[in-house]
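Q: Spelled out, the chains give:
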Amino acid sequence: MQWIGLLIIVAFFAGFIGMYNSLVQLRNRVKNAWSQIDVQLKRRHDLIPNLVETAKGYMKHERETLSAVTDARSRAMGADGVAAKGQAETSLSGALSKFMLVVENYPDLKANQNFLALQEELTSTENKIAFSRQSYNDSVLFFNNKIQMFPSNIIANMFSFNAEEFFEIEDAQEREAPKVQFTS
Amino acid sequence: MMWELIAANRRKSLALFAGMALILCMLGYGIGYTVRPDGGGHIGLLIAISIWLILAAMSVFGGGSLLLKLSRARPVSPDLHPVLWNVVEEMKIASGLPAMPKIYIIDERAPNAFATGLRPEESAIIVTAGLLSRLNRDELQGVVAHEMAHIVNRDVQFMTVAGIMLGSIVLLSQVFLRGMWLAPGRSRRYSPKSTGKIGPQGHIAIVFITIALAILGPLLARIFYFAISRKREYLADASAVRFTRFPDGLANALEKISANTIPLESANKVTAPMFIVNPMETGDGMAASGLGSTHPPIHERIAILRNMTRGAGLLQYQRAFSKAKGKPTMIIPSSGLKKDKPVAVREPHPDTVKPKSNKAEVRDVLDLMRAVNGFAFLICACGLKIKVPPDFGEPRIECPRCKRKNEIPTAKVTDVAEAAAVIGAMVGTLAGGGQEEIPTATQQSVKLPGADAPPLEYYRRSSGWETFSCSCGKLQQLSPAFSAHQLNCRKCGRIIRVDPAK
Numbered sequence: 000m001q002w003i004g005l006l007i008i009v010a011f012f013a014g015f016i017g018m019y020n021s022l023v024q025l026r027n028r029v030k031n032a033w034s035q036i037d038v039q040l041k042r043r044h045d046l047i048p049n050l051v052e053t054a055k056g057y058m059k060h061e062r063e064t065l066s067a068v069t070d071a072r073s074r075a076m077g078a079d080g081v082a083a084k085g086q087a088e089t090s091l092s093g094a095l096s097k098f099m100l101v102v103e104n105y106p107d108l109k110a111n112q113n114f115l116a117l118q119e120e121l122t123s124t125e126n127k128i129a130f131s132r133q134s135y136n137d138s139v140l141f142f143n144n145k146i147q148m149f150p151s152n153i154i155a156n157m158f159s160f161n162a163e164e165f166f167e168i169e170d171a172q173e174r175e176a177p178k179v180q181f182t183s
Numbered sequence: 000m001m002w003e004l005i006a007a008n009r010r011k012s013l014a015l016f017a018g019m020a021l022i023l024c025m026l027g028y029g030i031g032y033t034v035r036p037d038g039g040g041h042i043g044l045l046i047a048i049s050i051w052l053i054l055a056a057m058s059v060f061g062g063g064s065l066l067l068k069l070s071r072a073r074p075v076s077p078d079l080h081p082v083l084w085n086v087v088e089e090m091k092i093a094s095g096l097p098a099m100p101k102i103y104i105i106d107e108r109a110p111n112a113f114a115t116g117l118r119p120e121e122s123a124i125i126v127t128a129g130l131l132s133r134l135n136r137d138e139l140q141g142v143v144a145h146e147m148a149h150i151v152n153r154d155v156q157f158m159t160v161a162g163i164m165l166g167s168i169v170l171l172s173q174v175f176l177r178g179m180w181l182a183p184g185r186s187r188r189y190s191p192k193s194t195g196k197i198g199p200q201g202h203i204a205i206v207f208i209t210i211a212l213a214i215l216g217p218l219l220a221r222i223f224y225f226a227i228s229r230k231r232e233y234l235a236d237a238s239a240v241r242f243t244r245f246p247d248g249l250a251n252a253l254e255k256i257s258a259n260t261i262p263l264e265s266a267n268k269v270t271a272p273m274f275i276v277n278p279m280e281t282g283d284g285m286a287a288s289g290l291g292s293t294h295p296p297i298h299e300r301i302a303i304l305r306n307m308t309r310g311a312g313l314l315q316y317q318r319a320f321s322k323a324k325g326k327p328t329m330i331i332p333s334s335g336l337k338k339d340k341p342v343a344v345r346e347p348h349p350d351t352v353k354p355k356s357n358k359a360e361v362r363d364v365l366d367l368m369r370a371v372n373g374f375a376f377l378i379c380a381c382g383l384k385i386k387v388p389p390d391f392g393e394p395r396i397e398c399p400r401c402k403r404k405n406e407i408p409t410a411k412v413t414d415v416a417e418a419a420a421v422i423g424a425m426v427g428t429l430a431g432g433g434q435e436e437i438p439t440a441t442q443q444s445v446k447l448p449g450a451d452a453p454p455l456e457y458y459r460r461s462s463g464w465e466t467f468s469c470s471c472g473k474l475q476q477l478s479p480a481f482s483a484h485q486l487n488c489r490k491c492g493r494i495i496r497v498d499p500a501k
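One line per chain: the protein sequences are A and B, in this order. One point on numbering: in numbering that gives the first Met the number 0, the residue at position 125 of the first sequence is 124, and numbering is uninterrupted. One point on numbering: in numbering that gives the first Met the number 0, the residue at position 110 of the second sequence is 109, and numbering is uninterrupted.
It should be emphasised that the hints constitute simulated quantities derived from the structure, not laboratory data. Just so it is clear, CB atoms sit at the ideal spot from N, CA and C, and this is done for glycine as well. Do not take every clue at face value.
[Said to hold, decoys possible] In silico DMTMM-like pairs for lysine to aspartate or glutamate, Cα to Cα no more than 20 angstroms straight-line:
id	chain 1	residue 1	chain 2	residue 2
1	B	K384	B	E397
2	A	K59	A	E103
3	A	K41	B	E88
4	B	K101	B	D78
5	A	K97	B	E346
6	A	K97	A	E61
[Said to hold, decoys possible] Distance ranges between label pairs, derived from CB positions:
id	chain 1	residue 1	chain 2	residue 2	range
7	A	Y19	B	R305	43 to 53 angstroms
8	A	Y19	B	S321	37 to 47 angstroms
9	A	A13	B	E264	26 to 36 angstroms
10	A	S21	B	L54	50 to 60 angstroms
11	B	K404	A	K55	35 to 45 angstroms
12	A	K30	B	P74	28 to 38 angstroms
13	A	V81	B	R496	35 to 45 angstroms
14	A	V81	B	L54	47 to 57 angstroms
15	A	Q1	B	H41	47 to 57 angstroms
16	A	K55	B	A226	53 to 63 angstroms
17	A	A110	B	R305	33 to 43 angstroms
18	A	Y19	B	E264	53 to 63 angstroms
Given only the sequences and the hints, what does the whole structure look like? Please build it.
A: What follows is the structure, encoded as structure tokens:
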């Protein structure tokens, strides 16, 4: 009978270790996903000055639009924490999309190869942010579920695994339910 | 969640693999037994397995790279085609692939794409030049996502292994049936009496089963193979939509690709399942897509995608699929469906590329391929774009249209004072035996002859494709996306500074 008791203790410890390790693994997955987003956000911040500099020469009368973009960028760069960053990046996205709409009125600028290359880079970076945000939020959901559900919540409490924040950048496009198209 | 899908796929693949392996083993044993009832069965089994092993080894060691060589695929760098590179990078992030796949372009006008690589870490995505010239950004993203899905879902690996199995089964039964035809008396020479344990009825039964298996086995295996291949195509479409969140991109791309009538030269039966649209069935998009086809009918794939108006998740694809087919066949493993979150469809990108004429499209393809192959471009004053081959050694080239002599721009020595300083330092190192002024030059282990020469300078004339020659005569190319400030000559290693147009 003694060895049965021993077996139960061993099984208990094995389960304990396994659960702890899987929590660590999940938290690392969240961290890794976040660093992927961070790389893309930095890339976007680096691209914007070049873009504005190129556009300046063509858009003499659009100072407000341009300064809105630069201001939003500096605010986004200063933001700290996942939620604050999400908010700042949302307003930056808004300023950028306004800027891109204004660009449509400047055919000379749209023909500039340098500007086109920058625009492609920016488009791609925004896509990458969107895609990495999705995988980040997926992993956060998975992690948060794990630390709130029994029995892994006991270990999460013991070793203070805290719930992670979701990264929300609201695409203005995603929210608007009816599709509005301006045909010219 | 994608990993659920991968796990479900792996289980199914294993089951199918086991079924095919069983057919192969039975066939091998039966043939051996028919030819030589006393112990021949085991030898037959051994032969069947070794045929399979040899074919498998051939495809594992030679497969991917051989195919790339056969199709004369050229690797792509980010500045050669930034859009393609970016799109692949985006899809790498969206699909969660651990490493960036290699990207290649094939010099073909037929629009198509495929993926290779037995492991996701060593994969490659190959597109034709015709595809790049025809699709816009969203469409290209759809195609790349479909190929990425093949890589992530381990389809390349699975279809290769299944293809080898199919090949071995076909080979064995062909040999057996031909042999029977040529030497019908052979199996009768060993009379049923000598078989020992198995009675005469048993012997005849085994022979009959073997013959039936040799006739039906390849047929069965083929039906299995093609059914799985078609299912994998649907699954890749569903995953592609999930990655891009934009069903219309892939649908438009499929429409454009199916409208093509130019055949793809570098495709064959083995590689066909990996292409986005079956390259063996060009002509009309409605081409025969029955039991013996690797891809589902393209109009059906488009119809499903067009039906996805509510969202871009796997569940929406399954619903659209059931609606289009009229029957609730499960195309996506239910374990993958349950955990999948609804995904909203995104808006299309504003189109920056205008639709091009057929002629302009051909020209684009040719220019891209020349750029990939190291050709240089020079714009003559008469407006003609002169293409200069990479080994053109002269300083001037005659325009074929207006006969004007065009000088190939050269990079000049930069600042005299700076150049003198560099030369002085070099002389110093030569004379004084390595002073500390230019440690970088002395530390370089592999040095090209021109690496120490004073840097050259080149002022860009435009922001498009541009060509100039180094002082050693090697032509250098700048793409519109070139953004660095200097480059090293690819032949002599000399530093050339590149400045924007004055």
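Q: Should the hint that K30 of chain A and P74 of chain B are 28 to 38 angstroms apart at their CB atoms be regarded as holding?
A: Distance hint for K30 of chain A, P74 of chain B holds at roughly 33 angstroms.
Q: What's the verdict on K41 of chain A and E88 of chain B, does the C-alpha distance respect the 20 angstroms limit or exceed it?
A: holds (16 angstroms)
Q: If you check the beta carbons of Y19 of chain A and R305 of chain B, does the distance land in 43 to 53 angstroms?
A: holds (49 angstroms)
Q: So if I understand the rule, the pair passes when the alpha-carbon distance is 20 angstroms or less; does K97 of chain A with E346 of chain B pass?
A: Satisfied, since the Cα-Cα distance of roughly 16 angstroms is no more than 20 angstroms.
Q: Mind checking the hinted window 33 to 43 angstroms against the Cβ distance between A110 of chain A and R305 of chain B?
A: holds (34 angstroms)
Q: Quickly compare the C-alpha distance for K384 of chain B and E397 of chain B to 20 angstroms and report which way the hint goes.
A: Judged against 20 angstroms, a Cα distance of about 12 angstroms means the pair holds.
Q: Would you say the C-beta atoms of K404 of chain B and K55 of chain A sit inside 35 to 45 angstroms of each other?
A: Because 40 angstroms falls inside the window, the suggested range holds.
Q: Assuming the hint says 26 to 36 angstroms, is it satisfied by the Cβ distance from A13 of chain A to E264 of chain B or not?
A: violated (59 angstroms)
Q: Starting from the hint 50 to 60 angstroms, judge whether the C-beta atoms of S21 of chain A and L54 of chain B obey it.
A: violated (41 angstroms)
Q: Taking only the CA atoms, is the gap from K101 of chain B to D78 of chain B under or equal to 20 angstroms?
A: Holds, because 15 angstroms separates the two Cα atoms, which is no more than 20 angstroms.
Q: Hint check: K97 of chain A vs E61 of chain A, CA-CA at most 20 angstroms. Holds or violated?
A: holds (11 angstroms)
Q: Does the Cβ-Cβ separation between Y19 of chain A and S321 of chain B fall within 37 to 47 angstroms?
A: Between Y19 of chain A and S321 of chain B, where Cβ atoms are some 43 angstroms apart, the hint holds.
Checked against the numbered hints above, the structure breaks hints 9 and 10 and satisfies the rest.
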